[in-house]
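Taking the hints into account, I'd like the entire structure generated from these sequences.
Residues 1 to 338 in UniProt numbering are what the sequence shown lists, from first letter to last.
Hints may be right or wrong, so weigh each one.
Said to hold, decoys possible - Label-pair distances were calculated between CB atoms; the ranges are: (1) Leu327 - Glu129: 31 to 39 Å; (2) Val329 - Ala55: 31 to 39 Å; (3) Ala337 - Thr44: 45 to 53 Å; (4) Val185 - Glu319: 32 to 40 Å; (5) Pro193 - Arg139: 25 to 33 Å; (6) Asp127 - Val185: 28 to 36 Å; (7) Gly134 - Pro282: 40 to 48 Å; (8) His223 - Arg162: 20 to 28 Å; (9) Arg139 - Thr299: 26 to 34 Å; (10) Gly134 - Ala108: 24 to 32 Å; (11) Arg259 - His223: 20 to 28 Å.
Hints listed in this document are in silico derivations from the structure and should not be mistaken for laboratory results.
Just so it is clear, CB atoms sit at the ideal spot from N, CA and C, and this is done for glycine as well.
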Amino acid sequence: MNDDRVSVVLATYDGDRYLGEQLASLMAQRRLPDEVIVIDDASTDGTQDRLEEFAKRAPFPVDLELRSEHLGTWTTFEEGLRRATGDIVLICDQDDRWREDKLAVLTARMAAQPDAMMAFADARLIDAEGGIIGRSRWRVAGFSPRHSRAVDLDPFGPLFSRQAVSGCAMAVRAELLSAVLPFPVDVHPALGPMMYDRWTSLTAAAVGPVITVPERLVDYRIHPGQQVGIPALGVRRLAPRTALHAAQLLHRRVETLRRMEYHLAHLEEIAARLRAAGLATPASDARLASAARHLRFRTSLDRHRLSRVRSVAEEMRREDGYRRFSLGVVSALADLAR
Numbered sequence: 001m002n003d004d005r006v007s008v009v010l011a012t013y014d015g016d017r018y019l020g021e022q023l024a025s026l027m028a029q030r031r032l033p034d035e036v037i038v039i040d041d042a043s044t045d046g047t048q049d050r051l052e053e054f055a056k057r058a059p060f061p062v063d064l065e066l067r068s069e070h071l072g073t074w075t076t077f078e079e080g081l082r083r084a085t086g087d088i089v090l091i092c093d094q095d096d097r098w099r100e101d102k103l104a105v106l107t108a109r110m111a112a113q114p115d116a117m118m119a120f121a122d123a124r125l126i127d128a129e130g131g132i133i134g135r136s137r138w139r140v141a142g143f144s145p146r147h148s149r150a151v152d153l154d155p156f157g158p159l160f161s162r163q164a165v166s167g168c169a170m171a172v173r174a175e176l177l178s179a180v181l182p183f184p185v186d187v188h189p190a191l192g193p194m195m196y197d198r199w200t201s202l203t204a205a206a207v208g209p210v211i212t213v214p215e216r217l218v219d220y221r222i223h224p225g226q227q228v229g230i231p232a233l234g235v236r237r238l239a240p241r242t243a244l245h246a247a248q249l250l251h252r253r254v255e256t257l258r259r260m261e262y263h264l265a266h267l268e269e270i271a272a273r274l275r276a277a278g279l280a281t282p283a284s285d286a287r288l289a290s291a292a293r294h295l296r297f298r299t300s301l302d303r304h305r306l307s308r309v310r311s312v313a314e315e316m317r318r319e320d321g322y323r324r325f326s327l328g329v330v331s332a333l334a335d336l337a338r
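Here it is, written out as structure tokens:
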């Protein structure tokens, strides 16, 4: 029997258009949560009225806070996570829909593997009106069944090289939050904060193990008004390769060094957080050190073309090189081209 308490954290802001569908999907779960923490960040539409009605009707305890001052998404999620009392914690977006067995599936998988720090599922992409776009969240991220299997052996490599984890589709152990919170908003000010779901998933993957659930347990809505998520990723991967797309690729190439420095800074922060929380292990230290070594290699490539070709070829042969922490041949060729 699974005795884990389950907390769901929902942050809302002017989300009344889609919120009703999400709340209905919460109440329809086969395995109901033990508590739902809801913090509304001073909505000005009908969100707060809808939440008050939900708190009265829900078949589980609802800890509801309706703010009168807008403080921002990160602060709202952080406060909700700090209030969670469950052994397993899930984040709920205001504009998605959960499959009725989402909680049952994720909690059962984590109960079967009690040392796992995180479980995450795939999600079906839907548009603003709820129509199915036709691709899954994992497919958009280039996260294949091969990568899913690789997570069982080495969670950090596949999750570092591909942004496959969405906050709305993951469940984490409560003890991980001592390292995750507060979210790192100023580790690399030039490029801004890392998305909370990527930060959380990398922290979990550094410790491991991580469970992959290939079922599409969430309808992930892509629309212009979403507060956090993958609208840009979804549009970019689903759109034709136009001249604008080519310009975006060129811009990303120019930004490559800055992005690697950005990730290096966050790797160092994860290592420090895990040590402070008492969660660091020789395995987590080795994973983070290997990823950092690879990024430092990529940021310090020789400008001489022949020397660079030799270095990149050697890095391709390494087990902890391009194939583990980058996009393999694609990243190697990009380094040769810049």
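Hint check results:
1. Against the hinted window of 31 to 39 Å, the Cβ-Cβ separation of Leu327 and Glu129 comes to about 34 Å, which satisfies the hint.
2. For Val329 and Ala55, the Cβ-Cβ distance of about 53 Å falls outside the hinted range of 31 to 39 Å, so the restraint is violated.
3. At about 48 Å, the CB distance of Ala337 to Thr44 agrees with the hint of 45 to 53 Å.
4. In this structure the supplied range 32 to 40 Å holds for Val185 paired with Glu319, their Cβ-Cβ distance being about 34 Å.
5. Hint check: Pro193 to Arg139, Cβ distance near 26 Å, so the stated range 25 to 33 Å holds.
6. As the Cβ distance of Asp127 to Val185 is approximately 31 Å, the hint placing it in 28 to 36 Å holds.
7. Gly134 and Pro282 have their C-beta atoms about 44 Å apart, which keeps the hinted 40 to 48 Å range intact.
8. Between His223 and Arg162 the beta carbons are some 24 Å apart, a value that agrees with the proposed interval 20 to 28 Å.
9. Checking the proposed 26 to 34 Å range against Arg139 and Thr299 shows it holds: the Cβ atoms sit about 30 Å from each other.
10. With their beta carbons about 29 Å apart, Gly134 and Ala108 fall inside the hinted range of 24 to 32 Å.
11. Checked against the hint of 20 to 28 Å, the C-beta distance between Arg259 and His223 comes to roughly 27 Å, which is consistent with it.
Hint compliance for this structure: hint 2 alone is broken.
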